[in-house]
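Enquirer: In order, the protein sequence lines correspond to chains A and B.
At position 217 of the first sequence (counting the first as 1) the number is 217 in full-length UniProt numbering, and the numbers step up by one without a gap.
At position 214 of the second sequence (counting the first as 1) the number is 214 in full-length UniProt numbering, and the numbers step up by one without a gap.
Hint data in this document are derived by calculation from the structure and do not stem from the laboratory.
Treat the hints with care, since some could be wrong.
To be verified - Computed list of chain B residues with no C-beta within reach of chain A, every gap over 10 Å:
(1) Ala82
(2) Asp89
(3) Lys130
(4) Gly131
(5) Gly138
(6) Arg143
(7) Asp146
(8) Asp227
(9) Ser238
Unchecked claim - Between beta-carbon pairs, the in silico distance windows are:
(10) A/Gly131 / B/Ile158: 24 to 34 Å
(11) B/Ser220 / A/Ala255: 44 to 54 Å
(12) B/Arg218 / A/Lys212: 48 to 58 Å
(13) A/Asp142 / B/Gly197: 32 to 42 Å
(14) B/Lys212 / A/Glu174: 48 to 58 Å
(15) A/Gly131 / B/Asp230: 19 to 29 Å
(16) A/Gly197 / B/Glu271: 49 to 59 Å
(17) A/Pro79 / B/Gly161: 30 to 40 Å
(18) B/Gly161 / A/Gly197: 56 to 66 Å
Claimed, not checked - To give a feel for the contact side, a few chain A residues facing chain B, derived at Cβ under 8 Å:
(19) Ile97
(20) Gly98
(21) Arg104
(22) Thr133
(23) His203
(24) Ala235
We put the beta carbon where it would ideally sit given N, CA and C, even for glycine.
2 protein chains.
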Amino acid sequence: MTGLTCHGCVETVTAQLIAVRGVKEVNIDLVEGGVSTVSVVADRELTDGEVEGVLHAGGAFALARVDAMSFLGSTTNAPDLAVDVLFFDGAEELDAIGPWEVLRFWAELGDRRVDVRAVSLDGKSVRCAKGLTVDVDGSLGDRPIDLLIVPGGRGADILAGDLEQVGRISRLAEQGATMASVCTGAQVLGAAGLLDGINATTHWMARGQLQKSHPSARISSGERWVDSGDVVTSAGVSAGIDMALHLVDRFDSRAVAHRICSVMEYPWHPEARGEAVIST
Amino acid sequence: MTGLTCHGCVETVTAQLIAVRGVKEVNIDLVEGGVSTVSVVADRELTDGEVEGVLHAGGAFALARVDAMSFLGSTTNAPDLAVDVLFFDGAEELDAIGPWEVLRFWAELGDRRVDVRAVSLDGKSVRCAKGLTVDVDGSLGDRPIDLLIVPGGRGADILAGDLEQVGRISRLAEQGATMASVCTGAQVLGAAGLLDGINATTHWMARGQLQKSHPSARISSGERWVDSGDVVTSAGVSAGIDMALHLVDRFDSRAVAHRICSVMEYPWHPEARGEAVIST
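One chain only, chain A, in its complex shape:
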């Protein structure tokens, strides 16, 4: 590694590397102005890209090559948690990509091995509600998952009325996936029968309609998200970011959630559940 000129640099780089998921130990043999040797002990294999990404964020340090990285080994390559973010035509961009950002940071910075993908109903690219076209990594249900994020947007109403697609979502829930909706994505979970008798929320403008469609659901107001165990629902659009941070808190740890808030500079309130923004 080049660019290390003092013990301050060593401390900076050590702190940055220790923050990487799986890293247990960092030792730096400083050669001022030359090529310093960095030894990293981790419980999983780190890629050059991961190490470079971390170093890049913090300063002008360049990685000469990775040649002193010990890998403690792992019993399996499978992730601890498989997470899919569902995209569909007319999905509200921020509903999906707010959680996407949080969850992909989780995959980078978390203490658990998390694999996060973007999926669509058929694996093809989708045109979101505000006109952005997004490519995806796979299709809904093409692998067992632990968590599905269902965004809202005008496409969610159409999806909620499509019995075949709703059936695919029901099956994922039956197979044990936690289902998390953002905004009017709650209509999709409702159509799949997942809101009956539980506490849930949605966009403030859509609460009345959701309550009417699902009389046994208890639709609450004033909360950024509602965690009912197997089903988690959030308020409108930006509240999906808060819910995703809560999911990191729940499935990993509060410390990891705060780490993500810090890199995203997002003011998340785990206890207060955020400020309600119901009208102006």
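Could you slot chain B onto chain A? The hints should help.
Expert: Below, chain B alone, put in the same frame as chain A:
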């Protein structure tokens, strides 16, 4: 229009339609349980889709057909403001799509005629920092613009080092476009010479490096965004949403910015400039 059963419905629909940009007057001739006639007077042509979108959000009202819409006419089809959001390989998703969401809502709900596009350096699709591939509407500089959003992410550092691309950004600034960066997008504006002698901000982790690269810039901390007139910069990742709302406030009105906060359920603080999230 069908589904209107009482004067409460009439009030709801009237309020929803009045909120649409350009609508000046709404009159509803109620036929309970049948087809009511809705007359809309607007200073621009409304599409069926726009009207349906609004009605859909609020309840179970269905549009039979649009046949009583008066169009006051407009002197020009050109937008008041042309806004491009720049995407590039390695751009942080939320840096770009947070503002995208705000600005596209502005185009729908604002009092000014705003045209917002996604662009890339060459008009081709890009792969963002967290792996999402996004298609775009055009390429940087292919039309005169009033405002450019430059996101951060690891791709921003590469872009900042590419003299040819930085030159294209300088030229847009010279032609009068307001330049707005999110997160480490400030490095790109800095490379274009746009930060010299002005107040600016960036991601808290990148402040030191930005200050070092641009000694005459005054890099501040603790603010979600810094408006220096022709150049506006925001703190990291999610702060781009706050900055975009400020740009709506500045180029349109505070009322429109609050309208967007309301539909996005985003707790924006125009005076306080948001809560600083510098570390955990």
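Enquirer: With reference to the structure, classify each hint as holding or not holding.
Expert: Right, here's what the structure says about each hint:
1. Residue-level check passed: B/Ala82 sits 15 Å from the nearest beta carbon of chain A, beyond 10 Å.
2. Residue-level check passed: B/Asp89 sits 13 Å from the nearest beta carbon of chain A, beyond 10 Å.
3. For B/Lys130, the shortest C-beta to C-beta distance to chain A comes to about 4 Å, within the 10 Å cut-off, and the non-interface label is violated.
4. The non-interface label for B/Gly131 is inconsistent with chain A: the shortest C-beta to C-beta separation is roughly 7 Å, within 10 Å.
5. With a closest Cβ-Cβ approach of about 12 Å to chain A, B/Gly138 is found to remain outside the 10 Å limit, as its non-interface label requires.
6. Even its closest Cβ contact with chain A, about 16 Å, leaves B/Arg143 beyond 10 Å, as expected for a residue assigned away from the interface.
7. Separation of B/Asp146 from chain A is adequate, the least Cβ-Cβ distance of about 19 Å exceeding the 10 Å criterion.
8. In this structure B/Asp227 is separated from chain A by more than 10 Å, as the shortest Cβ-Cβ distance comes to about 18 Å.
9. Not every C-beta of chain A lies more than 10 Å from that of B/Ser238, the closest at about 4 Å, which undercuts listing it as non-interface.
10. Checked against the hint of 24 to 34 Å, the C-beta distance between A/Gly131 and B/Ile158 comes to roughly 27 Å, which is consistent with it.
11. The hinted range of 44 to 54 Å is not satisfied by B/Ser220 and A/Ala255, whose Cβ atoms lie roughly 29 Å apart.
12. In this structure, B/Arg218 and A/Lys212 meet the distance hint of 48 to 58 Å, their C-beta atoms being roughly 54 Å apart.
13. Against the hinted window of 32 to 42 Å, the Cβ-Cβ separation of A/Asp142 and B/Gly197 comes to about 54 Å, which falls outside the hint.
14. For B/Lys212 and A/Glu174, the hinted distance range of 48 to 58 Å is satisfied, since their beta carbons lie about 56 Å from each other.
15. The hint said 19 to 29 Å for the Cβ distance between A/Gly131 and B/Asp230, and at roughly 28 Å that hint holds.
16. Separation of A/Gly197 from B/Glu271 is about 43 Å and departs from the stated range, judged on CB atoms against 49 to 59 Å.
17. Restraint check, A/Pro79 to B/Gly161: a C-beta distance of roughly 34 Å satisfies the suggested window 30 to 40 Å.
18. B/Gly161 and A/Gly197 have their C-beta atoms about 57 Å apart, which keeps the hinted 56 to 66 Å range intact.
19. The interface hint given for A/Ile97 holds, since its Cβ lies 5 Å from the closest Cβ of chain B, which is under the 8 Å cut-off.
20. The interface hint given for A/Gly98 is met, as the beta carbon of that residue sits about 7 Å from the closest beta carbon of chain B, less than 8 Å.
21. At about 4 Å, the closest approach between the beta carbon of A/Arg104 and any beta carbon in chain B falls short of 8 Å, and the interface hint on this residue holds.
22. At a threshold of 8 Å, the smallest CB-CB gap from A/Thr133 to chain B is about 4 Å, leaving the interface hint in force.
23. Taken as an interface hint, A/His203 checks out: its beta carbon lies about 7 Å from the nearest beta carbon of chain B, inside 8 Å.
24. Restraint check, A/Ala235 versus chain B: the minimum CB separation of about 5 Å is within 8 Å; hint holds.
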